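With chain D held as given, fit chain G onto it using these hints.
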Amino acid sequence: MTPTKTVLIVDDSRVSRLMARQYITGLHADWIVEEAGTGEESLLKARAVPPDLILMDVNMPGMGGIAAAELLRQQFPTIPISLLTANVQTATRERATQLGIGFMEKPITEARIAQLLATLEAV
Amino acid sequence: MFALSELENDALIEIFNIGVGQAAASMSAIVNEAVRMSVPSVSFINRTEAARLLDGKSPEAENICGVSQHYEGAFATEAILMFPEDKSLEIVRLMVGESVPLKELTEMEQEAMCEIGNIILNSCVGTLANIFQRELHGSLPQYHIGTSDEILIASGSLPDTVVLMLHIDFLLEKHQIHGYVAFVLDVSALHDLKEQINLYIARAMGQA
Chain D
1 MTPTKTVLIV DDSRVSRLMA RQYITGLHAD WIVEEAGTGE ESLLKARAVP
51 PDLILMDVNM PGMGGIAAAE LLRQQFPTIP ISLLTANVQT ATRERATQLG
101 IGFMEKPITE ARIAQLLATL EAV
Chain G
1 MFALSELEND ALIEIFNIGV GQAAASMSAI VNEAVRMSVP SVSFINRTEA
51 ARLLDGKSPE AENICGVSQH YEGAFATEAI LMFPEDKSLE IVRLMVGESV
101 PLKELTEMEQ EAMCEIGNII LNSCVGTLAN IFQRELHGSL PQYHIGTSDE
151 ILIASGSLPD TVVLMLHIDF LLEKHQIHGY VAFVLDVSAL HDLKEQINLY
201 IARAMGQA
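Note that the protein sequences, when read in sequence, are chains D and G. Going by the working numbering, the residue at position 24 of the first sequence is 24; the numbering climbs one at a time, nothing skipped. Going by the working numbering, the residue at position 185 of the second sequence is 185; the numbering climbs one at a time, nothing skipped.
Treat the hints with care, as some may be off.
[Unchecked claim] Restraint-style ranges between C-beta atoms, simulated for each label pair:
1) D:G62 / G:E33: 31 to 39 Å
2) D:A91 / G:G97: 29 to 37 Å
3) G:S41 / D:Q75: 44 to 52 Å
4) G:A3 / D:G26: 50 to 58 Å
5) D:G62 / G:H178: 51 to 59 Å
6) D:Q75 / G:L140: 25 to 33 Å
7) D:M63 / G:P101: 30 to 38 Å
8) D:T97 / G:L171: 31 to 39 Å
9) G:H178 / D:E94: 33 to 41 Å
It should be emphasised that the hints constitute simulated quantities derived from the structure, not laboratory data. Note that the coordinates shown come from a computational prediction; the quantities given were computed from them, not determined experimentally. Yeah, the Cβ is synthetic: ideal placement off N, Cα and C, and Gly gets one too.
So that you can see chain D by itself, here it is in the shape it has in the complex:
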């Protein structure tokens, strides 16, 4: 049995947060899912309760996902972060690599969420 984990979903789209939440809790009913609708909110939530995994959209109003991920990476060097985005451009993938974070393209599917959670399941 995997110990309970906390996943922070950062996405301005409520429906994307809902779908990611559904798939995460479908795979791990006891895991805690936190949500943030902006990059700024993700910083506040992560500081309040550092999560075990952060899933980050890129194109959001205000602070974008890349800028938020960069700040989170500085403040929480060991927390796994993955972009979860419709922006499939090579430039975005390269930025993720430079920041030392993962990349997963949308749409959100159960298989993609399972793949993102797999790294935590082994811990």
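Okay, now just chain G, sitting in the frame of chain D:
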């Protein structure tokens, strides 16, 4: 008068065809069924004629729901995804599944359509950017309801402006839902696009 050579036109169609293929794959993953997309068709027309062309594609639907995004970078374009308005709730239901109550689903319909547009348009535009080896920066998706004419005007320039319109019809086979994706470029953007196409052709021929 702006014109593309036969080779440039061929490359333009081929590049958008690849982008559309990616968009079809994304849409298919969203709705969990097969999606058929047409070969892109290219027209140099004004926005009013463009709207008339799109209206002719779905005469049964009075209102259309559209999601548009503006892109800047290697070239500038408006990308618009359009569905008959009366099908949008059905599409959102296909996306989120049966577990979400109808009331909640209805409340988030617009937002969900924006996210669907965001995924499909970025899938296509991102593929174009990768082919051109350049970056395209997209705005946040905008949701519109109206006729094709109203949506095209809301998402871009004046009705009499001549534009290049690439449009692609698609069909969700199981649910028989038709929609289309359109890319609208004004004259200044056409020169940038032509330059990118020529760089692509040069790379394909080993000259760059």
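Structure-based check of all given hints:
1. D:G62 / G:E33: 31 to 39 Å: holds (35 Å)
2. D:A91 / G:G97: 29 to 37 Å: Check passed, 33 Å falls within 29 to 37 Å.
3. G:S41 / D:Q75: 44 to 52 Å: With Cβ atoms ~50 Å apart, the hint holds.
4. G:A3 / D:G26: 50 to 58 Å: holds (54 Å)
5. D:G62 / G:H178: 51 to 59 Å: violated (36 Å)
6. D:Q75 / G:L140: 25 to 33 Å: Taking Cβ atoms as reference, Q75 (chain D) and L140 (chain G) lie about 26 Å apart, which means the hint holds.
7. D:M63 / G:P101: 30 to 38 Å: Between M63 (chain D) and P101 (chain G), where Cβ atoms are some 32 Å apart, the hint holds.
8. D:T97 / G:L171: 31 to 39 Å: holds (37 Å)
9. G:H178 / D:E94: 33 to 41 Å: holds (37 Å)
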